[in-house]
Amino acid sequence: MEKKSNTMNNKKRNIILICTAAAVVLILPWILTTDYQIMVMNKVLIYTVVVLGLNFITGLTGQMNLGTAGMFALGAYATAVAATSYGISPWIGLVLAIVMGLLVGRGLGYPSLRLKGVYLALTTIGFSEVVRLVAANWVSVTGGTTGIRNIPYYSLAGYVFDTQTKMYYLFAVFVAFGIFCAYRLADSKWGRIFKSLRDNADAVEMSGVNIASCKILAFTVCAIYGCIAGALYAHFMGYINPSSFTIDLSTNFVIMLMVGGLGSVVGNIFGAAVVTILPEILRVFENYYQLIFCTIVLVGAIFFPEGWMFAGIKVIRKMVKKLRKREHITGEMGGGE
Amino acid sequence: MGSLLKLTDTTKQFQGLRAVDAINLDMKENTIHALIGPNGAGKTTTVNMITGVHSVTSGTIEFDGHDITGMPTYKIARLGIGRTFQNIKVFPTMTLLENVMVGGHQCTKLGALRTIFDIRGAKREEEMLKEKAENILKKLGLYELRNELMQNLPYGRQKISEIGRAMMTDPKLILLDEPAAGLNPSERGELIKVIKAAYGEGLSFFLIEHNMDVIMSISDYITVLSFGKLIAEGTPQEIQNNPEVIASYLGEKYKQKMAEE
Ligand SMILES: Nc1ncnc2c1ncn2[C@@H]1O[C@H](COP(=O)(O)OP(=O)(O)OP(=O)(O)O)[C@@H](O)[C@H]1O
Ligand SMILES: [Mg+2]
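The listed protein sequences derive, respectively, from chains A and B.
This note's numbering puts the first residue of the first sequence at 1, with every later residue one more than the last.
This note's numbering puts the first residue of the second sequence at 1, with every later residue one more than the last.
What the hints contain is simulated information worked out from the structure, not anything from laboratory work.
Here the structure is a predicted model, which means the values were calculated and not measured.
Keeping only pairs whose Cα atoms sit at most 30 angstroms apart, straight-line, the calculated DSSO-like set for lysine-lysine is:
| # | chain 1 | residue 1 | chain 2 | residue 2 |
| --- | --- | --- | --- | --- |
| 1 | B | Lys172 | B | Lys193 |
| 2 | B | Lys130 | A | Lys12 |
| 3 | A | Lys11 | B | Lys123 |
| 4 | A | Lys11 | B | Lys109 |
| 5 | B | Lys172 | B | Lys196 |
| 6 | A | Lys12 | B | Lys132 |
Computed far set for chain B versus chain A, every beta-carbon distance over 10 angstroms:
| # | residue |
| --- | --- |
| 7 | Gln13 |
| 8 | Gly65 |
| 9 | Ile192 |
| 10 | Phe227 |
| 11 | Thr235 |
| 12 | Asn241 |
| 13 | Gly251 |
Just so you know, even glycine gets a beta-carbon here, dropped at the ideal spot from N, CA and C.
Using the sequences plus the hints, can you model the full thing?
Shown next, in the form of structure tokens:
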């Protein structure tokens with residue numbers, strides 16, 4: 001009985017949390033005063049999609065992936081080239097991005113079966129650099145270092161998502177769907193298998209699981225998310241060039257994942273938001289803002305390895321417990337009188 | 001009685017070392033078959049060959065009528081072989097229940113996409129897995145600990161949980177590599193009970209063990225390895241009195257102790 005009411009309570013709590021989050025997301029554009037701020041929010045949304053995917057590889061399966069910039073770039077170029085050179089609708093570009101993701105997931109998944117740790121990380125960096133170099137040198141298709149300009153906005157039945165606010169709502173829908181899928185998968189038997197692969201792959205294989213296909217699945221999910229985010233980015237920015245897709249971007253995604261805490265979907269959103277917004281806030285320090293930001297991240301990594309959010313939640317829980325205890329004690333004393 | 005596991009001239013060569021040297025072994029259905037021998041005799045190597053972890057240098061391995069020589073591990077597992085490891089292999093950051101549930105992943109059907117969108121189906125599958133895992137944990141006497149993180153459990157419990165994970169695939173045969181090592185006497189007693197109960201339900205065990213109390217109390221048949229060679233096989237009674245086994249493994253002290261009892 002007690003268990004049942006507990007799960008009921010949890011359900012209620014979750015519904016309340018989701019509604020609050022939705023309300024905040026809906027009214028945010030009214031709170032933010034400038035277009036620039038909404039643009040930063042749009043970046044948060046797009047990066048969230050990447051981190052949701054990266055979580056499956058680096059968070060759950062525990063394999064370092066420093067190639068997300070490459071996935072992001074492939075998605076962006078696929079839809080940008082299709083839209084500008086062939087006049088293909090961005091919606092079909094999205095499908096192209098997904099196909100790209102499927103291919104890349106397999107392409108990177110196979111080496112991951114043989115390579116571990118640093119070697120895999122280097123391979124993913126290599127992949128990302130290859131993508132960037134091809135984009136920079138295959139001038140006839142990608143426009144070389146000047147990149148691709150005039151990428152059209154998304155539009156739906158004549159309605160064009162041409163302002164930051166309009167795009168914000170569109171991307172929010174994408175992110176909501178991305179969170180739904182990521183949560184369903186991470187919270188399922190698949191998420192469990194990914195985590196167990198991180199802990200001990202031999203034991204998983206002895207349970208009759210084809211671990212090769214599971215690792216490829218994790219990479220594929222990551223790549224699809226990365227490519228979709230790239231496609232959104234292309235139509236959001238309106239122009240892309242190879243210099244946006246460097247290893248810095250990949251590292252940033254890993255930092256977002258770390259800040260949010262490995263393995264948690266809610267943490268992913270938190271991490272993407274903090275790592276995108278914090279530098280903007282720190283801009284008041286002018287020349288030093290990068291330095292300060294990096295110091296904060298470094299200190300965070302040392303003291304809160306499980307992610308800032310969880311460290312915060314832990315502290316709050318402890319305080320609540322202490323308060324409750326105090327109440328309890330004073331209550332008992334009152335009863336004794 | 002048919003044969004369940006059959007090794008024919010099975011050999012493993014590690015560079016200069018012949019760790020397992022052309023052994024022939026025939027394990028019958030519905031038995032607890034023990035493999036004993038001094039350290040470095042090649043017992044774990046034998047199990048690693050059976051489970052496809054090591055390739056077989058020469059010879060064949062048959063299980064339940066299938067030739068499993070050279071098959072990948074997961075396929076061998078799907079044919080009905082489960083296993084525990086000499087150096088435990090568990091998932092320390094996951095709960096005991098989750099650890100056991102991983103063992104049942106293979107018996108589920110939904111792919112990744114259907115898991116996402118078929119909310120009811122996924123829930124049903126998850127509940128099925130959970131119920132099965134909980135039943136197994138009850139049998140192992142670990143049910144109360146199901147929500148503890150594996151890394152917080154004592155070594156002995158972690159070890160017994162490996163058997164539970166192996167049972168999740170509904171195997172015909174479980175290979176136990178030194179399950180009693182590191183267990184205290186009361187845990188050892190529980191282990192024997194668990195093995196006997198599972199045996200009673202139709203599971204067969206292939207058991208590597210140094211603890212002779214455990215071996216003598218539960219095994220039907222014993223094979224003895226020494227330096228990669230099969231030096232004796234027979235019932236526990238026969239093995240206890242085999243001069244060669246006493247000389248190379250059990251030792252004179254064991255004989256005296258037996259005589260005293
Ligand atoms: N991967 C390997 N590469 C090279 N040699 C190995 C390998 N694995 C085992 N050996 C060697 O093979 C021999 C048999 O080892 P094995 O682990 O099978 O012994 P064991 O009978 O299980 O011993 P123990 O009772 O100590 O567990 C040992 O000499 C060991 O050093
Ligand atoms: Mg061994």
